[in-house]
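Spelled out, the chains give:
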Amino acid sequence: MKKLSRLGANLLLVGISLFMITTLRASSPYSFPTRVSMPSDSWSMLNPELWSPRNFRLEVSSKVLIDIFVLDRDGIELWEEQEMLRPLFSFNATEHKIHNVELSKRGKFALLIHNPSDSNVDVMLSTTLYGLENDLLLASTTMSIFGIIIFLSAKVKYRKKR
Amino acid sequence: MLVIWELEENWDFPVLELVILGAIFSILNQPIIFLDFDGRCRNLTSSIGIVSIFLIFNVGALFSRSFAGSFSKGEMQTLLSYPLKRSNVLAAKFLTNLLILFTVYATVFSLNIPLLALSPLEPMVYVSMMSILVQVIFLSTSATTLSLLIKNEVISVLTVILLFFGLESITGKDKYLSFSGRHELVFGYFEYLTRGIIPEVAFQEVVIALLFPLSLSMFLLVVSLLYFNYIMEID
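For the protein sequence lines, the chains are A and B, in the order given.
Residue 3 is where the first sequence starts when you use the numbering used here, and the numbers rise one by one after that.
Residue 1260 is where the second sequence starts when you use the numbering used here, and the numbers rise one by one after that.
Warning: the hint list may mix true and false statements.
Unchecked claim - No farther apart than 25 Å at their CA atoms in a straight line, the calculated lysine to aspartate or glutamate pairs in the DMTMM-like style are these: (1) A:4 with B:1271; (2) A:163 with B:1271; (3) A:159 with B:1271; (4) A:159 with B:1267; (5) A:5 with B:1271; (6) A:107 with B:1381; (7) A:110 with B:1295; (8) B:1332 with B:1276; (9) A:157 with B:1271; (10) A:5 with B:1267; (11) A:4 with B:1267; (12) A:110 with B:1297; (13) A:4 with B:1334; (14) A:157 with B:1276; (15) A:4 with B:1268; (16) A:163 with B:1267; (17) A:107 with B:1297.
The hints are simulated quantities; they were obtained by calculation from the structure and are not laboratory data.
Taking the hints into account, I'd like the entire structure generated from these sequences.
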């Protein structure tokens, strides 16, 4: 097998394997329920976690209206250092609701909860990450396309030579 | 020259492709289990059990094909008809297979850096790679010795795979005898050093976990070299 066409075949194979890996990883959604006790008029940030670019589902259960903010790495730093709010997503005045959003990047994320009411409340949160990891899908598609282009151009070049 | 010979004989299509496929499946198929951002390095250990199985299959097939296969196909006789030292032939075959195999696994393993949002200089990535390298060296020397002694490709492949697969299964997570156990010790020790995450692993335990396979590998390599150089008859 000629070197260039083998490189193309290798790239295509890596792309296909990455796609299969992406679908395998997508078959295991992460779901983690959390219970947070919030005093009146208070803020609480949950531990930062590593989230991948997948569909994000947040199920909220609270007896009073609360605000929930999804912060990325910059947002977390800004909140911790200057108490300035720059959320990626915000779910305002929510009580019993399911929110669905799509995360666009991989990295550090945290949930910030605000209880603006004058009563203490127990908030139940259930966060779920599901679906394909978009960056892995993009990498696999790009590799496959490059692989096909290199493989076909090597074949055409070889035929022209003959 | 010998390296190119080995590359053309042992790594032709689709051998390299199958090794890459195995590495991708074994290393990347595990989703992120430890979500805590500061403890995300722990995810590097989640695929080690499957990696050890794929490594056994890859090393068993590649080294048996390279050594035992070259006797049955008459390639070794052709090779030794040239003015070459036997030790050079053994070294070229051994190092080529070892380095390519490790390069493939290390490259795929490094994909964990973006997937776990780690820094490219994250020490735990390189500690894991070192642990995989030690295991590759251990398996490669064992497979070389067995292939030279058995001289039959199929029996050699089966012996290497069954022996090490059996050893990994029987020893379970024994801290010195199984790869998973040794990796856990090495990873735990450096994780404590770099991040202060308990449980602390004693320095002596890490030294044993690294020296045990390395010293056994050195012994087997010397045995193989002496046997191949001075004792083995090649018709």
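Outcome of the hint check:
Our distance criterion of 25 Å between C-alpha atoms is met by residue 4 of chain A and residue 1271 of chain B, whose separation comes to about 11 Å. For the suggested pair residue 163 of chain A and residue 1271 of chain B, the alpha carbons sit about 23 Å apart, so the restraint of at most 25 Å is met. Restraint check for residue 159 of chain A and residue 1271 of chain B: satisfied, since their Cα atoms lie roughly 22 Å apart, inside the 25 Å limit. For the given pair, residue 159 of chain A sits about 23 Å from residue 1267 of chain B by alpha-carbon distance, which is consistent with the 25 Å threshold.
A hinted pair counts as satisfied when its Cα atoms are at most 25 Å apart, and residue 5 of chain A with residue 1271 of chain B qualifies at roughly 11 Å. Among the hinted pairs, residue 107 of chain A with residue 1381 of chain B is consistent with the structure: their alpha-carbon atoms are about 20 Å apart, no more than 25 Å. For the given pair, residue 110 of chain A sits about 9 Å from residue 1295 of chain B by alpha-carbon distance, which is consistent with the 25 Å threshold. Taking the CA atoms of residue 1332 of chain B and residue 1276 of chain B, the gap is near 23 Å; set against the 25 Å cutoff, the hint holds.
Under the criterion of a C-alpha separation no larger than 25 Å, the hint pairing residue 157 of chain A with residue 1271 of chain B is consistent with the structure, at around 19 Å. The suggested pairing of residue 5 of chain A with residue 1267 of chain B holds, with an alpha-carbon distance near 12 Å, which does not exceed 25 Å. Our distance criterion of 25 Å between C-alpha atoms is met by residue 4 of chain A and residue 1267 of chain B, whose separation comes to about 12 Å. Our distance criterion of 25 Å between C-alpha atoms is met by residue 110 of chain A and residue 1297 of chain B, whose separation comes to about 9 Å.
In summary, the hint linking residue 4 of chain A to residue 1334 of chain B is supported, as the alpha carbons are separated by about 23 Å, within the 25 Å threshold. For the hint pairing residue 157 of chain A with residue 1276 of chain B, the CA-to-CA distance comes to about 19 Å; that is within 25 Å, so the pair holds. With a C-alpha separation of about 15 Å, the suggested pairing of residue 4 of chain A with residue 1268 of chain B holds against the 25 Å cut-off. For the hint pairing residue 163 of chain A with residue 1267 of chain B, the CA-to-CA distance comes to about 24 Å; that is within 25 Å, so the pair holds.
For the hint pairing residue 107 of chain A with residue 1297 of chain B, the CA-to-CA distance comes to about 18 Å; that is within 25 Å, so the pair holds.
Of the numbered hints listed earlier, not one is contradicted by the structure.
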